[in-house]
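Participant: The residues making up each chain are set out below.
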Amino acid sequence: MYKKGVYRIVSNVALTPTVYRMVLEGDTQHITHSGQFINIELTGKFLRRPISVSDYDDKSITIIYKVVGSGTSQMQQMQPGTELDILTGLGNGFSTENNAQRPLLVGGGVGVPPLFNLCKRLIAEGKSPMVIIGFNTADEVFYFNEFRALGVDVFCSTADGSVGTKGFVTDAIKEHNLTFDYIYACGPIPMLKALYDSTNVDAEFSFEERMGCGFGACMGCSCKTKYGNKRICKDGPVLKREEIIW
Amino acid sequence: MVKYDTSVELCGIKLDNPIIPASGTFGFGREFAEYYDLDCLGAISFKGTTREARFGNPTPRIAECTSGMINSVGLQNPGIDKVISEELPHLRQIFHKPIVANISGFSLDEYEECCAKIDKEEQVEIIEVNVSCPNVHNGGMSFGTQPESAVEVTRRVKSVTTKPVFIKLSPNVTDIVAIARACEDAGADGICLINTMLGMRIDTMRRRPVIANKMGGFSGDAIFPIAVRMVYQVSNACQIPVMGCGGVSSASNVIEMMMAGATAVQVGAANLKNPYAAKEIIEALPKEMERLGIERLRDIIGVVK
Chain A
1 MYKKGVYRIV SNVALTPTVY RMVLEGDTQH ITHSGQFINI ELTGKFLRRP ISVSDYDDKS
61 ITIIYKVVGS GTSQMQQMQP GTELDILTGL GNGFSTENNA QRPLLVGGGV GVPPLFNLCK
121 RLIAEGKSPM VIIGFNTADE VFYFNEFRAL GVDVFCSTAD GSVGTKGFVT DAIKEHNLTF
181 DYIYACGPIP MLKALYDSTN VDAEFSFEER MGCGFGACMG CSCKTKYGNK RICKDGPVLK
241 REEIIW
Chain L
1 MVKYDTSVEL CGIKLDNPII PASGTFGFGR EFAEYYDLDC LGAISFKGTT REARFGNPTP
61 RIAECTSGMI NSVGLQNPGI DKVISEELPH LRQIFHKPIV ANISGFSLDE YEECCAKIDK
121 EEQVEIIEVN VSCPNVHNGG MSFGTQPESA VEVTRRVKSV TTKPVFIKLS PNVTDIVAIA
181 RACEDAGADG ICLINTMLGM RIDTMRRRPV IANKMGGFSG DAIFPIAVRM VYQVSNACQI
241 PVMGCGGVSS ASNVIEMMMA GATAVQVGAA NLKNPYAAKE IIEALPKEME RLGIERLRDI
301 IGVVK
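Those protein sequence lines, which keep their order, are chains A and L. Note that this note's numbering has the first sequence beginning at 1, numbered continuously upward. Note that this note's numbering has the second sequence beginning at 1, numbered continuously upward.
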């Protein structure tokens, strides 16, 4: 179930030179799972902009977005108090209904944000998650300290080695010799594929695709899975390891 | 107080209002039923259906445009048999007004077979034959871009059906009137137009098309004037009713399309931007009628000469 409503910007601040965090105030009752997304209407744009929910409570939603085109450039310039028309509660999100006690959360770049609320949720359920976040270089790193503040083990990798393990998230897993019984991941396809190939525990991967409507009507973001055709926006964005066809 | 009458009649089928969500933008109603009671709609045209199940084109299938969008879905659908056994019964449960069955094909035999099957379904009131999808190679579009082939499809479909048959035409042609008249002469009960316009966007950073299939169907507010023009031309040249489609996003657009000659008006891409679009347009109609001094909506069909 999802909801269309008006949300007011509470804050909109830079976390890195290109990544911003926006806090929105409004009805959040239709958000039920970590890893769901919202779809934001922007003035002068025909299609809405889908952005994952990084965190939420009973009256506010936090999103973290990277400025990559004219839509996100417009968002970057928005001031607190601005009202936005948004669809919330979209997508399936991550499931925590499993027996994992030591799940590994892996985020790459702007794939990191949806893991934040998931991490809080797993902790609240009495589990002991650990987190690996991967970036290209030190300037791009965000949310390392925020995850730390949740009291979990956090590791970082950068492609150029300027912070943490030099290389990819999979190199960080090897370097720290991590053991885990579940994986939740969100990031670029090559990262997800590398994780898929180098591990064998149960896992959920969150995918990105260019969307039309964001609520399952247009079939713009379809993908093939072992369980049949799925829509990334409605049946995803999270797919389980066993159903993925690369 | 004046009672504003929004009802229209399409080939003897009464619609409470002329608003019909356009095929391909409304699935089989499921996603929109989560937002509102679908019974406020005049009718629903369901997702274009073919003989076999189709996955459609590779992704990305969607591109943003100024005042519109390009899609290259490529007729993804579960196939006629599954539509009849699963989608249609479900749609009937959530929607109790006329259903328009949108049928596509890659051969005359396929059009005939699918239309014959759907004609037997009592839930279906109107058959809309798509000869205009721009997203499939050697497919629907080629049947709708030549009068001769449009005639062939119309004849074959009419020979196996009893329900009103509307032919949905492509705007990507030189002479829309010639094709529409050919369909009418071949026995079509109505014309639906326009389908999307062939368009393309390029990702200048990556130096490649935005859409995997390179080109796709352009829809949205930007194509409204073209749709009005073609509805006007065709409704003046033909005796059969026209369902107007293309860039409709407001009650004002609906009235403009009807003044051009449309008996019913389809709402397409607007549903994808705002899931409540069709409902909001219907709710806005009486006020727009009041503003323009219209008591019965059907009185304005084709008033502009």
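Misleading hints may appear alongside valid ones.
[Said to hold, decoys possible] Straight-line alpha carbon distances no greater than 35 angstroms define the calculated DSBU-like cross-link-like pairs of lysine-lysine that follow: (1) L:117 / A:230; (2) L:158 / A:3; (3) L:14 / A:3; (4) A:3 / L:97; (5) A:45 / L:287; (6) L:214 / A:240; (7) L:305 / A:3; (8) L:82 / A:226; (9) L:214 / A:224; (10) L:3 / A:230.
[As the list claims (entries may be wrong)] Only some residues are given here: those of chain A computed to face chain L with a beta carbon under 8 angstroms: (11) 4; (12) 46; (13) 48; (14) 120; (15) 124; (16) 151; (17) 207; (18) 209; (19) 210; (20) 213; (21) 216; (22) 219; (23) 222; (24) 224; (25) 229.
[Unchecked claim] Chain L residues, not near chain A, derived (Cβ > 12 angstroms throughout): (26) 29; (27) 71; (28) 119; (29) 163; (30) 182; (31) 184; (32) 226; (33) 302.
Calculated from the structure, these hints are not laboratory results. For each residue, glycine too, the CB sits at the ideal point set by N, CA and C.
Participant: The output says residue 119 of chain L does not contact chain A. Does that hold with a beta carbon cutoff of 12 angstroms?
Facilitator: The assertion about residue 119 of chain L holds, with a minimum of 25 angstroms to chain A.
Participant: Taking the closest Cβ pair, is residue 48 of chain A under 8 angstroms from chain L?
Facilitator: holds (7 angstroms)
Participant: Sort out whether residue 224 of chain A lies within 35 angstroms of residue 214 of chain L, counting only the CA atoms.
Facilitator: The given pair, whose Cα atoms are some 20 angstroms apart, holds under the 35 angstroms limit.
Participant: Hint residue 216 of chain A vs chain L: min CB-CB distance below 8 angstroms?
Facilitator: holds (4 angstroms)
Participant: Taking the closest Cβ pair, is residue 229 of chain A under 8 angstroms from chain L?
Facilitator: With Cβ-Cβ at 6 angstroms, under 8 angstroms, it holds.
Participant: With a cut-off of 8 angstroms, does the beta carbon of residue 4 of chain A approach a beta carbon of chain L closely enough for the hint to hold?
Facilitator: holds (7 angstroms)
Participant: Examine each Cβ of chain A, and state whether all of them lie more than 12 angstroms from the Cβ of residue 184 of chain L.
Facilitator: It holds; residue 184 of chain L is separated from chain A by about 31 angstroms at its closest Cβ, greater than 12 angstroms.
Participant: Is residue 163 of chain L truly not at the interface, in the sense that its beta carbon sits beyond 12 angstroms from all beta carbons of chain A?
Facilitator: holds (26 angstroms)
Participant: When you look at the beta carbon of residue 302 of chain L, is every beta carbon of chain A farther off than 12 angstroms?
Facilitator: holds (30 angstroms)
Participant: Does the CB of residue 46 of chain A sit less than 8 angstroms away from some CB of chain L?
Facilitator: With Cβ-Cβ at 5 angstroms, under 8 angstroms, it holds.
Participant: Once the closest CB in chain A is found, is it more than 12 angstroms from residue 182 of chain L?
Facilitator: Fine: 31 angstroms to the nearest Cβ keeps residue 182 of chain L off the interface.
Participant: Can the hint on residue 151 of chain A be confirmed by a CB-to-CB distance to chain L that is less than 8 angstroms?
Facilitator: violated (38 angstroms)
Of the numbered hints stated above, those contradicted by the structure are hints 2, 7, 10, 14, 15, 16, 17, 26 and 27, listed in ascending order.
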